[in-house]
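Asks: Each chain, letter by letter, is given below.
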Amino acid sequence: DAMVIQNPRYQVTQFGKPVTLSCSQTLNHNVMYWYQQKSSQAPKLLFHYYDKDFNNEADTPDNFQSRRPNTSFCFLDIRSPGLGDAAMYLCATSRVAGPANTIYFGEGSWLTVV
Amino acid sequence: TQLLEQSPQFLSIQEGENLTVYCNSSSVFSSLQWYRQEPGEGPVLLVTVVTGGEVKKLKRLTFQFGDARKDSSLHITAAQPGDTGLYLCAGDPPWGDSSYKLIFGSGTRLLVRP
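If you read the protein sequences in the order shown, they are chains A and B.
The working numbering runs 65 ahead of the 1-based position in the first sequence.
The working numbering runs 29 ahead of the 1-based position in the second sequence.
Hints listed in this document are in silico derivations from the structure and should not be mistaken for laboratory results.
Note that the structure is predicted; figures quoted are calculated from it, not measured.
Take the hints with a grain of salt, since some may be wrong.
As the list claims (entries may be wrong) - Output of the computed footprint for chain A on chain B, the stretches with three or more beta carbons under 8 Å from beta carbons of chain A:
1. 40-46
2. 59-69
3. 96-109
4. 131-142
As the list claims (entries may be wrong) - Beta-carbon label-pair distances, calculated as ranges:
5. A:Pro73 to B:Glu34: 30 to 36 Å
6. B:Gly82 to A:Thr177: 42 to 48 Å
7. A:Asp124 to B:Ala107: 38 to 44 Å
8. B:Asp96 to A:Ser145: 45 to 51 Å
Unchecked claim - Lysine-lysine pairs mimicking PhoX-like chemistry, simulated, CA-CA at most 20 Å apart:
9. B:Lys99 to B:Lys130
10. B:Lys85 to B:Lys99
11. B:Lys130 to A:Lys117
12. A:Lys109 to B:Lys130
Cβ atoms here follow ideal geometry from the backbone N, Cα and C, with glycine treated the same way.
With the sequences and hints as input, model every part of the structure.
Replies: Spelled out as structure tokens, the structure:
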């Protein structure tokens, strides 16, 4: 059974129209991440939540926001999507408990901007 | 800044051949993970290596962590078309140094031709 669930799997939005991607986890992990992945590249970390603490990467555009209302859910909000924001967005979780931190990914949400 | 260099970037081989993918860094990692990602899906964890010099086997896949915990390799024996995908290595920085933010290699795209 999927442990990190992303919805929707495929999203088409218009240029400039806000979009929200959701992620839920059944692992009770304290860290949740959002990554952006473009074609055949490594995932790029946008931000993460360590419990309720939000940590933004320095190069993440202001256009990207996130919310984590509770342990199980996390949302990625793109306020004004541009053509360059078309990508796969990956949610991931981990339980920080010493070395050998392992990250579990969802199946991803494909975003197309038209 | 910790970096992971992955090589080769792209590999196209015939079914039945052997191959090795390398992941190298000048930095020490407390652990290192290997993921495989198929098109349109999220990365799936293959293995985590923690101890310097550790070797783990997963059927036809052999993973090795360098003695100094700065590098790792993935060897596939008798590759099959089902092995096709993007292989990502990801290092976990030493504990206490933002250790829950994995450092990803650039990926190796493997194509196994029937």
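Asks: Range first: 30 to 36 Å. Now tell me if the beta carbons of A:Pro73 and B:Glu34 are that far apart.
Replies: This hint holds: roughly 35 Å between Cβ atoms.
Asks: Are there at least three residues in the segment 131-142 of chain B whose beta carbon sits under 8 Å from a beta carbon of chain A?
Replies: With 6 residues close enough to chain A, the hint holds.
Asks: If you look at each residue in the segment 40-46 of chain B, do at least three have a Cβ nearer than 8 Å to any Cβ of chain A?
Replies: violated (count 0)
Asks: Please check whether the segment 59-69 of chain B has three or more residues whose CB lies within less than 8 Å of a CB on chain A.
Replies: Result for this restraint: holds, n = 5.
Asks: For the segment 96-109 of chain B, do three or more residues have a beta carbon lying closer than 8 Å to a beta carbon of chain A?
Replies: Our answer is that it is violated, as 0 residues pass the Cβ test (under 8 Å) against chain A, missing three.
Asks: Would the hint linking A:Lys109 and B:Lys130 be met if the CA-CA limit is 20 Å?
Replies: It holds: about 11 Å lies between the C-alpha atoms, which stays within 20 Å.
Asks: Evaluate the given range 45 to 51 Å for the C-beta pair formed by B:Asp96 and A:Ser145.
Replies: holds (49 Å)
Asks: If you draw a straight line from the CA of B:Lys99 to the CA of B:Lys130, is it 20 Å or shorter?
Replies: holds (17 Å)
Asks: What's the verdict on B:Lys130 and A:Lys117, does the C-alpha distance respect the 20 Å limit or exceed it?
Replies: holds (16 Å)
Asks: Between the beta carbons of A:Asp124 and B:Ala107, is the distance compatible with 38 to 44 Å?
Replies: 42 Å Cβ-Cβ, so the 38 to 44 Å window holds.
Asks: When you take the CB atoms of B:Gly82 and A:Thr177, is the distance between them in 42 to 48 Å?
Replies: Given about 46 Å between the Cβ atoms, the range holds.
Asks: Please work out if B:Lys85 and B:Lys99 have their alpha carbons no farther apart than 20 Å.
Replies: holds (16 Å)
Checked against the numbered hints listed earlier, the structure breaks hints 1 and 3; every other hint is satisfied.
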